[in-house]
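Student: Put chains S, B and Y on the given structure of chain A with help from the hints.
Line by line, the protein sequences are chains A, S, B and Y.
To get the numbering used here, take the position in the first sequence, counting from 1, and add 8.
To get the numbering used here, take the position in the second sequence, counting from 1, and add 8.
To get the numbering used here, take the position in the third sequence, counting from 1, and add 8.
To get the numbering used here, take the position in the fourth sequence, counting from 1, and add 8.
Careful: at least some of the hints might be erroneous.
Note that identical chains are pooled: a pair holds if it fits in a single copy or bridges any two copies.
Said to hold, decoys possible - Heads up, simulated EDC-like pairs for lysine to aspartate or glutamate below, C-alpha to C-alpha not over 16 Å straight-line: (1) K77 with E89; (2) K48 with E13; (3) K140 with D80; (4) K74 with D122; (5) K95 with D71; (6) K77 with E137; (7) K140 with D55; (8) K140 with D40; (9) K95 with D134; (10) K73 with E104.
Calculated directly from the structure, the hints in this document are not laboratory data.
Protein chains: 4
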Amino acid sequence: MLSDELQMAVRFNEADPLGIVWHGHYVRYFEDGRESFGMKYNFSYLDFYRNGLAVPIVSLQCDYKKPLKYGDVMRIVTTFEPCAAAKIIFRYQIFENETSELVASGSSTQVFVDIRNFSLHLISPDFFEQWKTKWEVR
Amino acid sequence: MLSDELQMAVRFNEADPLGIVWHGHYVRYFEDGRESFGMKYNFSYLDFYRNGLAVPIVSLQCDYKKPLKYGDVMRIVTTFEPCAAAKIIFRYQIFENETSELVASGSSTQVFVDIRNFSLHLISPDFFEQWKTKWEVR
Amino acid sequence: MLSDELQMAVRFNEADPLGIVWHGHYVRYFEDGRESFGMKYNFSYLDFYRNGLAVPIVSLQCDYKKPLKYGDVMRIVTTFEPCAAAKIIFRYQIFENETSELVASGSSTQVFVDIRNFSLHLISPDFFEQWKTKWEVR
Amino acid sequence: MLSDELQMAVRFNEADPLGIVWHGHYVRYFEDGRESFGMKYNFSYLDFYRNGLAVPIVSLQCDYKKPLKYGDVMRIVTTFEPCAAAKIIFRYQIFENETSELVASGSSTQVFVDIRNFSLHLISPDFFEQWKTKWEVR
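One chain only, chain A, in its complex shape (with noise of 0.2 Å):
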């Protein structure tokens, strides 16, 4: 199981009238932690580019267990989830840093598609198989 952590603090402008972050802020955070996720595994939008890929999202979710308020620390735990098929799946566990209580779960799906006009890709490309057996996810 490939997996990486972040630590982040809740940003005033991220909590609404309730004292609350808005819930939409969470998509930001689940990729903060795809991008942090990717920094350490050499695994990032730029390296899609380069290979001529976007790696669109196409399937987002998330529960959400406890509110997060402005100066709280947040600890986001992004997990490979292996798949055989020609996508990238994520799963999010969200944890209130000091009191390690689960705030939020979710997971998203990605696909590959040609940078230049969003055709899908039914066949996971090389370099993404070869990711994978590299960090043996497979």
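Tutor: Okay, now just chains S, B and Y, sitting in the frame of chain A:
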């Protein structure tokens, strides 16, 4: 079936370096759809506040079918899904306005909590039951 | 004086823990005003693109007079400020719609750059000069 | 001169269809700089709240010199500007980290208001004066 339709243009700042709307913005589009629904059927956040309640999102899901670009106009169809439990469920469909192609679909679930301490209400509040009766969505 | 008026409701996710609109969102309100102006006077980002130009903001300024709250409706007045140089200057005034109180005022300056390499155009492009002549804003 | 330096990578969702960071995001970068300054010098929103005060932005200004792209790392330098009046003034400079080129510069002015009714405090609060004395920024 209670539903609302909202037309809205893609904003320049919502498109990413690929020229397409960043996936996270759809959460705001859903909220815009929900607000427009609330205006039409007297069912707004502020009505809940007056009753001492907040209605946080506890689950959100979105499937992305086709990209939206800057310059596109979308049509957000927000539908109230009847539910016996103390929950509010909405379904969303976003269409590219000109072609009527489905761009994204999703759903959200909200619960009732006390606005002071965020304690969960397990029983649906009276005024919400009355609203459902009035609009015949039970 | 060419100007445009746009009415818009404050979104829930735009208000911060103090219950007032976070100051950063006014930059988007200004952009919404600019877009609305562009729709009215055929003066949009996309028109510039077709001419191989981008018009990035090089300067932005905002004074905040009164807070906006969730539930408020604002009126954004966007005014084109004639200018001999190769620049586009807009002035913005945001009013609370019901009371007509001034909520914020500001301005932005844009320049013309080549869309391929971001090199600055020191001379105002022909189609923009024609636009100014047509609307008598020289 | 009290100042803070914060390094931060440009997020994918912050770049627009031109591939450059949308100008509105710099307001958040400034806020991130201010928060980082506050962590370093014990000068945070939450400290003000505990004293019954909010410190809303009343004026903001930004000059954009060069674009930031996705993949760039920025360095935000936030400097406290001494001021006799009951105001908080910060200056910001954002540099592209590798080349040290100035990307943007700006400033913000905040005032003290009562957190309950937003009435303006014309006299600087004691604890802020003590903070200025401690850090010798009068």
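Student: None of the hints should be skipped; say for each whether it holds.
Tutor: Outcome of the hint check:
no., hint, verdict
1, K77 with E89, "neither (29 Å within a copy, 30 Å between copies)"
2, K48 with E13, "within (10 Å within a copy, 24 Å between copies)"
3, K140 with D80, "neither (35 Å within a copy, 27 Å between copies)"
4, K74 with D122, "between (39 Å within a copy, 14 Å between copies)"
5, K95 with D71, "between (22 Å within a copy, 14 Å between copies)"
6, K77 with E137, "neither (40 Å within a copy, 29 Å between copies)"
7, K140 with D55, "within (14 Å within a copy, 45 Å between copies)"
8, K140 with D40, "neither (21 Å within a copy, 36 Å between copies)"
9, K95 with D134, "within (13 Å within a copy, 46 Å between copies)"
10, K73 with E104, "within (11 Å within a copy, 33 Å between copies)"
In summary, the structure is inconsistent with hints 1, 3, 6 and 8 from the numbered list given earlier, while agreeing with the others.
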